[in-house]
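Trainee: As a plain string of letters, each chain reads:
Protein chains: 2
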Amino acid sequence: MSSSTVNYFLAASEEYQKTFGDKGSLQTPPVKKLAVVTCMDSRINVVAHLGLKEGDAHIIRNAGGSAKDALRSIIISQRLLGTREIAIFHHTKCGMLTFSTDQLRQIVKDSDPADEGLKAVDNIDFLEFADLEDSVKKDVKFLQNNPLVLKETKVTGWVYEVETGKIRQIV
Amino acid sequence: MSSSTVNYFLAASEEYQKTFGDKGSLQTPPVKKLAVVTCMDSRINVVAHLGLKEGDAHIIRNAGGSAKDALRSIIISQRLLGTREIAIFHHTKCGMLTFSTDQLRQIVKDSDPADEGLKAVDNIDFLEFADLEDSVKKDVKFLQNNPLVLKETKVTGWVYEVETGKIRQIV
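Those protein sequence lines, which keep their order, are chains A and B. Take the first sequence: its position 40, counting from 1, is numbered 24 in this note's numbering, and each next residue is one higher. Take the second sequence: its position 81, counting from 1, is numbered 65 in this note's numbering, and each next residue is one higher.
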């Protein structure tokens, strides 16, 4: 990592510690018994746009906000740390709407055709989607129908608009 | 989802929109060409403790802050959206230090021994770890040695202390 990034992190952390207060006494299980799944997208500050504080909710983030990709984390969240609600957020202008798994596999392999190790990319499903609202509905259904997710879980599905900062409930 | 959570989200979003400013013009590739991987733990407000703003960095979060679990997202981040640095954060008092995959599989199956669907849990590696600093070092190595991660990537490894809000660079 560049020394500028390291220094940036350390300076920001110093500032954060000044307002840390009594957060050190927070326990591991989230106070709101809530897990939020959303995209890794840099434009999303989910803690801010949902008004969450340290201690409130598990935040799971991956490319697209995929529920399938989040399953390992959700099982740990529910079975060991007591969460009982899940909110899935996908967002407008998401990178996942712009490519297919086949295309990305080809990009990776073409980057160095002599590198046999790159063929491992053929084992990865990149979980892209073609329709934003439909992808939210499918992810909610995936969780509602998955035997490893607790049956009493309340699952909602949302769209976050990167253009406006607004949220819309889909499910 | 409980109506109280829905209402909480909607009210918080109204507040967030008031200070949204010109964030709607931000583009998809992160400005800092940086991806941060950290745990889903509710006590971690990674955007705040690293002083990041909307648009700066991809934020990938899962149980433990596992690099292996983040690989799909990292490939998309690097190959399609131009990031070239990765910072891995694990944290003190992490739930991943407190159980084994075998134990959690048994907890899930024992929750309803008549439910055959629960046996699917035997296919999940929960990626727990026994030593915090060692887990950071192993995740950095995993990325440095993985053929699907760009060779020129700068990877650092850190511990976040939930007791103090401090960060420590390990690698």
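Careful: at least some of the hints might be erroneous.
Any copy will do: because identical chains look the same in the list, a pair fits if it lies in one copy or spans two.
Stated by the list, open to error - Once the Cα atoms are required to be at most 25 Å apart in a straight line, the calculated SDA-like pairs of lysine to any residue come out as:
(1) K16 <-> L(-6)
(2) K93 <-> E136
(3) K2 <-> K125
(4) K17 <-> S95
(5) K17 <-> L102
(6) K37 <-> K121
(7) K2 <-> A104
(8) K7 <-> F126
(9) K150 <-> P97
Bear in mind the hints are in silico, worked out from the structure with no lab data behind them.
Trainee: Each of the hints needs a verdict: does it hold here or not?
Mentor: Evaluated hints:
no.: 1; hint: K16 <-> L(-6); in the structure: between (30 Å within a copy, 16 Å between copies)
no.: 2; hint: K93 <-> E136; in the structure: between (44 Å within a copy, 17 Å between copies)
no.: 3; hint: K2 <-> K125; in the structure: neither (43 Å within a copy, 33 Å between copies)
no.: 4; hint: K17 <-> S95; in the structure: between (44 Å within a copy, 19 Å between copies)
no.: 5; hint: K17 <-> L102; in the structure: between (41 Å within a copy, 22 Å between copies)
no.: 6; hint: K37 <-> K121; in the structure: neither (27 Å within a copy, 29 Å between copies)
no.: 7; hint: K2 <-> A104; in the structure: neither (45 Å within a copy, 46 Å between copies)
no.: 8; hint: K7 <-> F126; in the structure: neither (35 Å within a copy, 32 Å between copies)
no.: 9; hint: K150 <-> P97; in the structure: neither (44 Å within a copy, 43 Å between copies)
The earlier numbered hints that this structure contradicts are 3, 6, 7, 8 and 9.
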